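Colleague: So you can see what is in the structure, the chains are spelled out below.
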Amino acid sequence: DSTAELRSRLDAMTSLQGEFTQVLIDMDGEVLEESSGDFAMARPGKFDWHTREPFEQRLVSDHESIWLYDPDLMQVTVREFDEELQDTPALILSDELTALNEQFEITDTVTDEGWDAFRLEPKDDDSLFAALVLTFDGNLLREIRMDDNLDQITRFTLSDLKRNESIDDGRFTFEVPDGVDVLVD
Amino acid sequence: CARQPLQPVEDWERHQAAAQRLNSWQLSGKLGARLPDNSGSARLRWHQDQSNYRIDLSGPFGQGRVIIETTDSGVRLRQGGEPPLEAASAEALMWQTTGWRVPVAELTYWVRGIPAPDSRHRILERTPQGLLKTLRQSGWTLHYSDYEAVGLLPLPGRIVAERKDTRLTLIVYDWSLPES
Numbered sequence: 010d011s012t013a014e015l016r017s018r019l020d021a022m023t024s025l026q027g028e029f030t031q032v033l034i035d036m037d038g039e040v041l042e043e044s045s046g047d048f049a050m051a052r053p054g055k056f057d058w059h060t061r062e063p064f065e066q067r068l069v070s071d072h073e074s075i076w077l078y079d080p081d082l083m084q085v086t087v088r089e090f091d092e093e094l095q096d097t098p099a100l101i102l103s104d105e106l107t108a109l110n111e112q113f114e115i116t117d118t119v120t121d122e123g124w125d126a127f128r129l130e131p132k133d134d135d136s137l138f139a140a141l142v143l144t145f146d147g148n149l150l151r152e153i154r155m156d157d158n159l160d161q162i163t164r165f166t167l168s169d170l171k172r173n174e175s176i177d178d179g180r181f182t183f184e185v186p187d188g189v190d191v192l193v194d
Numbered sequence: 634c635a636r637q638p639l640q641p642v643e644d645w646e647r648h649q650a651a652a653q654r655l656n657s658w659q660l661s662g663k664l665g666a667r668l669p670d671n672s673g674s675a676r677l678r679w680h681q682d683q684s685n686y687r688i689d690l691s692g693p694f695g696q697g698r699v700i701i702e703t704t705d706s707g708v709r710l711r712q713g714g715e716p717p718l719e720a721a722s723a724e725a726l727m728w729q730t731t732g733w734r735v736p737v738a739e740l741t742y743w744v745r746g747i748p749a750p751d752s753r754h755r756i757l758e759r760t761p762q763g764l765l766k767t768l769r770q771s772g773w774t775l776h777y778s779d780y781e782a783v784g785l786l787p788l789p790g791r792i793v794a795e796r797k798d799t800r801l802t803l804i805v806y807d808w809s810l811p812e813s
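Chains as they are written, first to last, in our numbering: chain A, 10 to 194; chain B, 634 to 813.
In case anyone wonders, no lab produced these hints; they're calculated from the structure.
Since the model is a prediction, treat every value here as computed from it, not as a measurement.
Note that the Cβ used here is the ideal one computed from N, Cα and C, for glycine as well.
A couple of the hints might just be wrong.
Result set (EDC-like, lysine to aspartate or glutamate): computed pairs, CA atoms no more than 16 Å apart in a straight line [as the list claims (entries may be wrong)]:
id, chain 1, residue 1, chain 2, residue 2
1, B, Lys766, B, Glu724
2, B, Lys663, A, Glu65
3, A, Lys132, A, Glu114
4, B, Lys663, A, Glu62
5, A, Lys171, A, Glu152
6, B, Lys663, A, Glu114
7, B, Lys797, B, Asp670
8, B, Lys663, A, Glu43
9, A, Lys132, A, Asp156
10, A, Lys132, A, Glu152
11, A, Lys132, B, Glu715
12, B, Lys663, A, Asp81
Far from chain A by the CB rule (all over 12 Å, computed), these chain B residues [unchecked claim]:
id, residue
13, Thr703
14, Pro750
15, Tyr780
Part of the chain A face toward chain B, derived, beta carbon under 10 Å [unchecked claim]:
id, residue
16, Gly27
17, Phe64
18, Asp79
19, Gln84
20, Asp134
21, Asp157
22, Gly179
All chains, full assembly: derive it from the sequences and hints.
Modeller: Below is the structure:
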């Protein structure tokens, strides 16, 4: 079934790194905002999501804490890694799979390009998004799409991908640059 | 795009009137908030049309989105998975849902680099071009920097607003004006 199929795809992906472009699209398909950067993910629970253009922002998790760094705000917010899987899509990709089907209804469809699109809809309704769609080309994750519940879509297109290569743990810890305020949330 | 050099403001009253007349604009950027028990940052899109506005805040992945917009009966806040909330003021709604104290009414002027018109203010410091650098109004202290010429008007790219233990930082990446 879809959950098992998604689980096997995610299980087979011990790590993934590459570039992303992010677009924010409104109901009529109009692009409202574009940004890009690079990312790395490693199971369990580690990720580094680094937006570089048009502004810099970095979200890092070492599976114990999550840092949100905003250089232009000279601040980094630190909070505990929690199992609230719906917090950010990056969590879902990198975290253990046990909670996956407890928290989501999962279905899958085949796209025109012949790729597998897995749709995850949160079971409890006060979640931070309405649906998350993970699109795989075989074992390679190509796209992450998040439909928020206010008729907007955030879509990440992944490229230049390296899968299951070892990633130095240093990438998933955040050294606070001096002069930056640390805010524990 | 290369930043045009800022022209010095010859006549502050004329500049202020021009900025007040600018009542339809859109900006995208980031809002950072530092409060004793609640800090964070959100991506910000603000659409202003005359006295109506729509302020759109969301997390790094677009999650946790909050929209505050004017309606004919007041202000409404929409949040994913929650019923809309209505109130007389955006400040009350923001505080209720995000725990951030954001003086939205005044910000519609402050964000243009001018004081809000109907309450006393003190300009503590100006930039070399005569623009606002430090302003005090309604209990807030505003620090301005990164001005950029947008059309004919120099508009701020960075605003830090402080009041007691609240510190808001508004970064503007892009201004767009109707005629430009």
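Colleague: What are the numbers of the hints that this structure violates, sorted from low to high?
Modeller: Violated: hints 1, 6, 10, 16 and 22.
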